[in-house]
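**Student:** Sequence:
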Amino acid sequence: MTSAQTHAAATEFADFFAAGWKLGARDAEGFFRHFEQRMHPNAMLMQPIAPPAGGPGALRDLFGPLFKAVPDLTGTLRRWAETDDGVFIELTLRGHLGRRPVEWTVVDRIILEDGMIRERRSYFDSAPLIKAAALRPRASLPLLLSLVRRRN
Numbered sequence: 452m453t454s455a456q457t458h459a460a461a462t463e464f465a466d467f468f469a470a471g472w473k474l475g476a477r478d479a480e481g482f483f484r485h486f487e488q489r490m491h492p493n494a495m496l497m498q499p500i501a502p503p504a505g506g507p508g509a510l511r512d513l514f515g516p517l518f519k520a521v522p523d524l525t526g527t528l529r530r531w532a533e534t535d536d537g538v539f540i541e542l543t544l545r546g547h548l549g550r551r552p553v554e555w556t557v558v559d560r561i562i563l564e565d566g567m568i569r570e571r572r573s574y575f576d577s578a579p580l581i582k583a584a585a586l587r588p589r590a591s592l593p594l595l596l597s598l599v600r601r602r603n
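Count the sequence shown with my numbering and you get residues 452 to 603, in order.
Rather than coming from a laboratory, the hints here were simulated on the basis of the structure. The beta-carbon is built from N, C-alpha and C at its ideal position, and this holds for glycine as well. Among the hints, a few may not be true.
Result set (DSS-like, lysine-lysine): computed pairs, CA atoms no more than 27 angstroms apart in a straight line [what the hints assert, rightly or not]: (1) Lys-519 to Lys-582; (2) Lys-519 to Lys-473; (3) Lys-582 to Lys-473.
The following label-pair restraints were derived from C-beta to C-beta distances [what the hints assert, rightly or not]: (4) Arg-560 to Ala-470: 18 to 26 angstroms; (5) His-547 to His-458: 34 to 42 angstroms; (6) Thr-462 to Pro-552: 27 to 35 angstroms; (7) Thr-453 to Pro-593: 39 to 47 angstroms.
Kindly produce the complete structure, drawing on both the sequences and the hints.
**Tutor:** And the structure:
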């Protein structure tokens with residue numbers, strides 16, 4: 452691939468990523484359909500707090516419980532950068548946990564293989580999410596239970 456083709460592919464993926472996060476939890480099934488079409492069969496998804504998730508159900512394993520806890524969660528792309536094997540994407544996530552606003556910023560390092568997500572490693576300060584969960588334990592229950600189940 453030429454440099455121009457690589458840049459065009461990275462730009463297309465950043466636009467694709469932003470479109471998926473505009474759907475977010477408000478249209479969870481649309482979110483899953485959107486991203487699943489670009490998930491590599493052996494994709495690995497990693498992020499703070501949760502154990503790694505891999506394979507075809509990884510996306511739903513990670514985001515299903517989060518969407519139940521924060522049913523209006525959406526993401527806004529802030530910036531992105533092309534890498535040799537994919538993209539870095541900075542995203543601000545916002546929603547309500549137990550009717551109170553919660554917001555945090557993530558940076559995802561995404562490795563692409565033939566335009567498919569081969570690996571996603573998310574970096575973020577988990578303190579805002581942990582604080583929100585501690586202050587709203589009933590609303591956080593779906594998320595907390597999923598973390599316990601996935602660790603066992």
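**Student:** Give a verdict on every hint.
**Tutor:** Results for each hint:
For the hint pairing Lys-519 with Lys-582, the CA-to-CA distance comes to about 18 angstroms; that is within 27 angstroms, so the pair holds. Between Lys-519 and Lys-473 the alpha-carbon distance is near 17 angstroms, which keeps this suggested pair within the 27 angstroms criterion. Only pairs whose Cα atoms come within 27 angstroms are accepted, and Lys-582 paired with Lys-473 is accepted, the gap being roughly 25 angstroms. Against the hinted window of 18 to 26 angstroms, the Cβ-Cβ separation of Arg-560 and Ala-470 comes to about 20 angstroms, which satisfies the hint.
In this structure the supplied range 34 to 42 angstroms holds for His-547 paired with His-458, their Cβ-Cβ distance being about 37 angstroms. As the Cβ distance of Thr-462 to Pro-552 is approximately 31 angstroms, the hint placing it in 27 to 35 angstroms holds. Range check, Thr-453 to Pro-593: Cβ separation about 46 angstroms, and the 39 to 47 angstroms hint holds.
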